[in-house]
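So the sequences go chain by chain: Z and W. Under our numbering, think of the first position of the first sequence as 11, with each following residue one higher. Under our numbering, think of the first position of the second sequence as 11, with each following residue one higher.
A couple of the hints might just be wrong.
Any copy, or any two copies together, can satisfy a pair, since identical chains are not distinguished.
[Stated by the list, open to error] Quick list of in silico lysine to any residue cross-link-like pairs, SDA-like style, CA-CA up to 25 angstroms:
no.	residue 1	residue 2
1	330	256
2	330	152
3	198	13
4	370	63
Please keep in mind that the hints were generated in silico from the structure rather than gathered at the bench.
2 protein chains.
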Amino acid sequence: MERAQTSRILESITVPTLLLNERRARRNIARMAEKCRRSGTQLRPHFKTHQSAAVGEWFRAEGVTAITASSVRMAAYFAEHGWNDITVAFPVNWREIDAINALAARITLGLLVESLETADFLRERLTHPVDVWIEIDSGTPRTGILWSETEQIAALVDRLRDHALIRLRGLLSHHGSSYGCRGEVQLKAAWTHSIERLLGVRAALAERGISGLNVSPGDTPSCNVVEDFSGLDEIRPGNFVYNDLMQVINGSASEKEVAVAVACPVVSKHAERLQIVVYGGGVHLSKDSFVDQQGRTTYGAVAFPTDDGWSESIPGAWVKSLSQEHGVIQCDAETFDRVNLGDLLIVIPVHSCMTADLLKHAVTLTGDTIDMLVLTAGD
Amino acid sequence: MERAQTSRILESITVPTLLLNERRARRNIARMAEKCRRSGTQLRPHFKTHQSAAVGEWFRAEGVTAITASSVRMAAYFAEHGWNDITVAFPVNWREIDAINALAARITLGLLVESLETADFLRERLTHPVDVWIEIDSGTPRTGILWSETEQIAALVDRLRDHALIRLRGLLSHHGSSYGCRGEVQLKAAWTHSIERLLGVRAALAERGISGLNVSPGDTPSCNVVEDFSGLDEIRPGNFVYNDLMQVINGSASEKEVAVAVACPVVSKHAERLQIVVYGGGVHLSKDSFVDQQGRTTYGAVAFPTDDGWSESIPGAWVKSLSQEHGVIQCDAETFDRVNLGDLLIVIPVHSCMTADLLKHAVTLTGDTIDMLVLTAGD
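All chains should be modelled from the sequences, with the hints used to inform the complete structure.
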């Protein structure tokens, strides 16, 4: 019954379309929520991956009440859809202070601060209460104060502590280096190291009499493989709801745990170079890539459509290059011969957050259309 | 007057915003149109770069009546905005045959064919007349029949010639290898080589008694530097309306001819590594990159906002990495010290087509909002 439905959905696809395996996504959510419950840790999932009110409800069904967004606009979208505790895990953008105040008037809004300048700016310009997290760089230099700079962190705590509209919540970090790990052993070791640094900051501050700070780490590769989050107040993974090729490569998820893929019509075949060209390019898949074990730059894995969604990835095929609308798939002779013009091929994306952001909506294997945040000129 | 206006527009920007220098874009269009008029060649510009009905009118003002799109949906959008001669420069996607027929009922629709299978498919499924171009690979293997395969091309001509709904227009090629050229000399030599191949196909077919075929080449790097298109029936460059860092790198445009850039709020500064982080990441700029002369992977050049838009790019600064919303700018100490939290920096994109596609609308330096095609679940 459901298989016939999935076949009909695939049959009806005419353009590059994000397929969403709801069962896998819900299982990914349930598993992470369960690990958090057991650990006594709040799950504050990052919603930038799906950017969808409908998928948000799947989290709510697992008891999630607090979320993370990557922009003020994304936070406003989820606030409109009933979320009232949202951390914007991005340094405060001074230019959005009006939108920040408007949102802070409606919900519990968490902000990220990493400098005295921004602390002073907020002290002066806030009109409504906000939660503030100090961003700590626990070994992935992008934003945040380096974990070892205790003086600097303590000075920022001081600057944030005595303002009526600022509630200092704690220390937040994003351990993005986990994406460079390969395999569970490496992932767990890197996580332990990063958490030790974050907890070390808290301990160093405690020695100076600064207490009551929560800690909020959490990236998908680590949180997928770690079972016990005890001692952490919350975690903020996002990508795990869908996973993607990166998570398969770094060993934090199996292909059976990847919940999205892009259905692409086959528009061209070139036997002399064993290439299949699909309608599905950089504007659909994103130009995220990785270098595989053979040293090949790869923009996605390739699977066949099946009556329950899509197959395991085809060992002898990969997305070799992307232009705006074209995806060039390199493959072996057997795969080449199985595929005809007008068929669909399924591309498992390298980075599902970027792909979902580009495609703006998804179709589940049972035929529901999942809408996402779309920013327009007025936003 | 206008400068005060531009300053006010920049002042009001709160989130990553595509700035469009209308004067530069109109000058880019006018120059290409003038070269085509002098050459007796039709300009059929590719509208995938701007995807905007409003910008389309700037082309109409220069006498353009025929255009190129990269998808059936994009063609339908421009048909709604009064364009009635549109080539979809992408291999026919069988799965969109209903949309193709619907569009062919309304406008002169050009399609690309490169296989007997697709010719047969069209013969069977077309319900309205279409123009058909045979795609020739003139040295950039992606799609198209290799220029030297005269037999194969002749067979396809035969298959396309005697059908009431198919008007065979000619031979079309996209010489994408030009993007690998550096400097005008290389660009012109590569163009000459590619055009010789395309005209060679026409000559070889003529020897077999196949005549009346037009030729349609045209990529921006070549068309920016070539002055004379005599002997070519039409050209189809697209990117030239905006240009971008790629065109500057390959030597086909100067920075003063780049008409778009992204205004990005500064959200973080890290003196110890001379990095500035802006709100402006992969979802705004795209992950297109190039490797510069120092071997550095670069995601954009950086400029200061000025009262007439933006400065020349800053020699000592470049976009070093992108995550979903973050752009990390590496710079020299002087640049670092000039920039404050809350300022804007301007990123000149590597690939303006992808950046415009992501941002979905632009703001001109005189304050007009330029809307673009936005695909939604219903399309």
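Comparing the hints with the structure gives:
1. 330 x 256: both (16 angstroms within a copy, 21 angstroms between copies)
2. 330 x 152: So residue 330 and residue 152 pass the 25 angstroms test across copies only (11 angstroms; inside, 29 angstroms).
3. 198 x 13: For residue 198 and residue 13, the Cα distance exceeds 25 angstroms both inside one copy (38 angstroms) and across copies (55 angstroms).
4. 370 x 63: both (12 angstroms within a copy, 21 angstroms between copies)
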